[in-house]
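**Q** Sequence order for the protein chains is A and B.
Quick note, the first sequence lines up with residues 0 to 376 if you use numbering that gives the first Met the number 0.
Quick note, the second sequence lines up with residues 0 to 361 if you use numbering that gives the first Met the number 0.
Worth flagging that the hints you see were computed from the coordinates, not collected in a lab.
C-beta atoms are modelled at their ideal positions from N, C-alpha and C, and glycine is treated no differently.
One or more hints might be untrue.
Not the full set, but computed from the structure, chain B residues with beta-carbon under 7 Å of chain A [unchecked claim]: (1) 133; (2) 178; (3) 196; (4) 199; (5) 220; (6) 221; (7) 236; (8) 238; (9) 239; (10) 304; (11) 306; (12) 309; (13) 310; (14) 324.
Cross-link-like lysine-lysine pairs, in silico, DSS-like; alpha carbons within 30 Å at most [said to hold, decoys possible]: (15) B:120 - B:131; (16) A:364 - B:172; (17) A:103 - A:120; (18) B:6 - B:212; (19) B:246 - A:120; (20) A:168 - B:172; (21) B:338 - A:120; (22) B:212 - A:323; (23) B:334 - A:120; (24) A:168 - B:334; (25) B:276 - A:168; (26) B:140 - A:233.
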Amino acid sequence: MASVELQGLTKFYHKRRGVENLSLDIHDKEFMAVFGPAGAGKTTTLNLIAGIVTPNSGTVKLGGRDIGGLEPADRNVAMVFESYALYPQFNVYDNMAFPLRSPKFKMPEDKIKERVTHHAKVMRIDHLLQRPIQALSNGQRQRTALGRALVRNPDVFLLDEPLSHLDAKLRHSMRAELKEMRTQLGTTTIYVTHDYLEAMSLGDRVAVLNQGHLLQLASPDDVYFRPASIDVAKFFGDPEVNIFDATLKTSGGSQISVQMLGENIPLALPPDVVQILNEKHTSKIQVGVRPPDVRIAPEGDKQAFHATIYSFEPLGTKSILTLKAVDGSFVRALVDGHLTFEIDRRTQFCIDPHLLIIFDGQSQKFLARSADSIENS
Amino acid sequence: MAELLYKKLVKQYRPDLPPALDRLDLNIRDGEFIALLGPSGCGKSTTLRMTAGLESISDGQIVIGGKVVNNTHPKDRGIGLAFENYALYPPLTVRDNLAFNLKAHGVKQAEIDKRVAEIAKYLHVEELLELKPAALSSGQKQRVNIARALIRRPAVLLLDEPLSHLDAALRVKMRTEIKRLHTEQRFTTIIVTHDQLEAMALADRIAVLNDGKLQQFDTPLQVFNHPANEFVAGFLGEPPMNIFAVKGDSNRRLVVPGTEFSLPITDFVGRLLGERKSVRLGARPWGIHVSQTPSEVSVPGTVSVVENLGDETRVGVRYGDMLLMASTDITRVYKPGSKVHLTFEDEDLNLFDEDTGERLTA
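Given these sequences and hints, build the entire structure.
**A** Laid out in structure tokens, this is it:
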């Protein structure tokens with residue numbers, strides 16, 4: 000059993016906040032992605048679990064046991080850094096065997112061989128064991144570093160931005176391969192990243208941190224489709240989510256619709272959203288619309304918003320279209336890459352009200368999103 | 000503004016090393032936006048520096064507006080330069096930052112005022128003229144930086160990785176602004192970047208460089224959809240193209256030996272293949288159609304990994320050492336272990352010569 004519980008953890012470096020009152024329950028064998036921008040407190044969180052820094056207050060429990068008094072070496076957690084920290088003078092095998100030959104383990108060589116071979120297979124580097132480190136590609140070094148951490152059979156595996164220095168292309172394939180191996184790890188893992196794709200792809204759950212505070216702890220789908228606040232919504236998705244001011248109109252009994260972008264086009268909200276808004280007595284809202292959910296409408300569509308085309312950026316499979324709405328707001332749409340658009344032309348676009356993410360206008364916190372939106376496909 | 004020609008342009012730093020830039024030929028039209036794209040060391044920055052006169056020319060010519068500028072002093076070439084770090088003078092207001100170079104060139108005050116007003120209006124920085132750089136957002140700094148490069152009415156504007164130090168969200172916004180600005184003003188512009196999305200989004204045409212050699216010079220969609228070779232195919236596109244070795248077998252199929260991968264050779268692919276027995280195959284993740292039901296042309300496979308990325312789902316199918324990634328719209332039907340059938344449309348398939356890397360064309 001190796002659950003990790005963080006309770007009310009606070010760490011300040013002089014006056015600079017690392018994390019403040021952070022509580023997080025990580026289940027046994029869970030893969031937890033800790034996501035946030037620079038200065039969010041991600042690495043501080045890892046260091047607190049590893050015992051590299053001591054909290055000002057709060058506790059860290061491993062498998063239900065308070066490990067606050069334990070030295071890093073006695074915690075049985077394994078950390079992999081961004082800069083692999085492999086020994087260049089050793090080959091892959093000796094790098095992986097290194098922790099097991101340490102005074103703490105002093106494992107017999109035949110046992111070591113068994114372990115190293117097993118984990119090298121999991122990491123798909125079993126054909127490279129005799130290679131010197133210099134002869135490895137970046138991806139192979141990555142896997143060697145992960146393998147070396149795994150041979151100790153740690154209770155918890157801590158990964159600090161392991162893919163961030165790889166080039167964009169390699170990052171995509173390494174992320175997929177890491178996810179593929181994930182199922183074979185069977186070890187509680189905490190994975191720190193500032194890349195939202197990594198957090199969503201890899202995490203069973205995602206803890207979103209900013210400026211030392213936990214903003215949301217939820218499944219990747221929830222973080223994306225039901226973000227706890229406008230800030231969280233903006234962290235996930237590229238191009239960034241569109242945020243508009245909007246007003247609510249009540250019409251004919253229980254109908255509530257949204258008006259925005261300076262036009263008199265009421266978007267009727269689905270009943271489940273209406274119910275939540277009624278319960279909360281909300282009047283002022285902001286809405287979030289993801290760029291793939293902005294659709295170009297046929298000309299003359301009465302339910303469509305009007306706009307001029309401000310900018311058109313082809314990206315290959317998709318293109319980013321920036322529209323200037325009647326009230327001067329910019330609206331980003333992600334459209335099929337085969338279409339072309341002419342700057343300053345007039346156009347129309349529509350938004351399915353089921354896909355609106357509704358935030359409180361004052362607190363900017365999440366209020367509602369229809370349950371029958373796309374993610375059940 | 001003006002057209003810009005590179006004629007067999009060479010940069011040789013040391014005689015015992017291959018040239019940093021090897022006989023580059025480019026014709027850049029008046030008003031065109033060109034991206035020099037490639038990995039570090041490809042020669043793109045060298046080209047930019049030679050154009051600006053910061054680096055000598057080993058061989059060949061640079062022609063701006065019909066005039067060979069090889070031996071023209073940098074300040075007389077008609078080049079406006081905007082670097083990655085803004086280098087605005089912090090103690091000066093935006094107005095004085097814009098006027099600085101004109102003053103240094105002895106332009107009369109009345110003319111300076113006129114040009115500052117003019118450029119500030121073009122670039123929408125009129126409200127910022129009396130502010131100091133510290134009070135500006137990075138987007139505003141970017142505009143002022145470009146305004147300062149343009150105020151001397153250069154023949155060519157050079158942008159050196161102008162967005163690379165910005166965070167992802169701001170980079171996308173600034174990209175849009177630069178694109179819009181160019182559409183409004185159509186100044187001849189060259190951007191140097193290693194970011195393929197930036198090149199795709201901004202440029203009228205992209206020059207892809209590798210090891211000092213021009214790989215392809217064409218519109219973004221041509222470069223994306225019809226890459227000249229394996230390097231270009233792999234360098235452009237996110238998620239990256241799947242590229243892997245296949246062999247033709249006796250049943251007119253392309254196979255990855257020792258795996259389930261077996262793709263029927265269509266007439267189209269057959270024509271591309273010619274007599275070749277082995278070839279490298281390239282398919283973009285969005286060009287592979289994933290289905291639960293087989294067809295005559297589908298390739299069987301077993302899902303090895305699924306990535307749920309919000310509005311996109313990526314399905315990974317392993318064939319030996321290769322993890323083939325396919326992108327689909329959001330779906331929850333595939334799990335590791337699911338049997339799937341992949342369809343490759345002819346128009347989304349690329350075949351590369353295994354020795355030269357050239358893309359095969361019919």
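**Q** It remains to establish, for every hint, whether it holds in the given structure.
**A** Going through the hints against the structure:
The beta carbon of residue 133 of chain B comes no nearer than 20 Å to any beta carbon in chain A, farther than 7 Å, and the hint placing it at the interface is violated. Annotation: residue 178 of chain B was flagged as interfacial toward chain A, and the flag holds, the nearest CB pair being 5 Å apart, inside 7 Å. With 7 Å as the threshold, the beta carbon of residue 196 of chain B comes within range of chain A, its nearest partner Cβ sitting at about 6 Å, so the hint holds. For residue 199 of chain B, the shortest C-beta to C-beta distance to chain A is roughly 5 Å, which falls under 7 Å, so the interface hint holds.
With a least beta-carbon distance of about 6 Å to chain A, the hint placing residue 220 of chain B at the interface is held under the 7 Å criterion. The interface hint given for residue 221 of chain B is broken, as the beta carbon of that residue sits about 11 Å from the closest beta carbon of chain A, more than 7 Å. The interface hint given for residue 236 of chain B is met, as the beta carbon of that residue sits about 5 Å from the closest beta carbon of chain A, less than 7 Å. Among the interface hints, the one on residue 238 of chain B holds; its C-beta lies about 5 Å from the nearest C-beta in chain A, closer than the 7 Å criterion.
Because the smallest distance between the Cβ of residue 239 of chain B and any Cβ of chain A comes to about 4 Å, under 7 Å, the interface hint for this residue holds. Because the closest C-beta pair between residue 304 of chain B and chain A is about 4 Å apart, less than 7 Å, the hint holds. With 7 Å as the threshold, the beta carbon of residue 306 of chain B comes within range of chain A, its nearest partner Cβ sitting at about 4 Å, so the hint holds. Evaluation of the residue 309 of chain B hint against chain A yields a held restraint, the C-beta minimum of about 4 Å falling below 7 Å.
Look at residue 310 of chain B: its Cβ gets to within about 5 Å of chain A, closer than 7 Å, so that hint holds up. Taken as an interface hint, residue 324 of chain B checks out: its beta carbon lies about 6 Å from the nearest beta carbon of chain A, inside 7 Å. Straight-line distance between C-alpha atoms of residue 120 of chain B and residue 131 of chain B comes to about 18 Å, which keeps the hinted pair within the 30 Å bound. Restraint check for residue 364 of chain A and residue 172 of chain B: the C-alpha separation of about 24 Å stays at or below 30 Å, so the hint holds.
Proximity of residue 103 of chain A to residue 120 of chain A is assessed by CA-CA distance (about 25 Å); at most 30 Å being required, the pair is judged to hold. Proximity of residue 6 of chain B to residue 212 of chain B is assessed by CA-CA distance (about 13 Å); at most 30 Å being required, the pair is judged to hold. Taking the CA atoms of residue 246 of chain B and residue 120 of chain A, the gap is about 27 Å. The hint holds against a cut of 30 Å. For a cut-off of 30 Å, the pair hint linking residue 168 of chain A to residue 172 of chain B stands: about 23 Å separates their Cα positions.
A distance of roughly 24 Å separates the Cα atoms of residue 338 of chain B and residue 120 of chain A; the hinted pair therefore holds under the 30 Å criterion. Under the criterion of a C-alpha separation no larger than 30 Å, the hint pairing residue 212 of chain B with residue 323 of chain A is inconsistent with the structure, at around 41 Å. Taken as a hint, the residue 334 of chain B and residue 120 of chain A pair is honoured in the structure, with Cα atoms around 23 Å apart against an allowance of 30 Å. Note on residue 168 of chain A and residue 334 of chain B: the hinted pairing holds, with a Cα-Cα distance of about 24 Å set against a maximum of 30 Å.
Restraint check for residue 276 of chain B and residue 168 of chain A: the C-alpha separation of about 29 Å stays at or below 30 Å, so the hint holds. Using a Cα cut-off of 30 Å, the hinted pair residue 140 of chain B and residue 233 of chain A holds, with the two alpha carbons roughly 23 Å apart.
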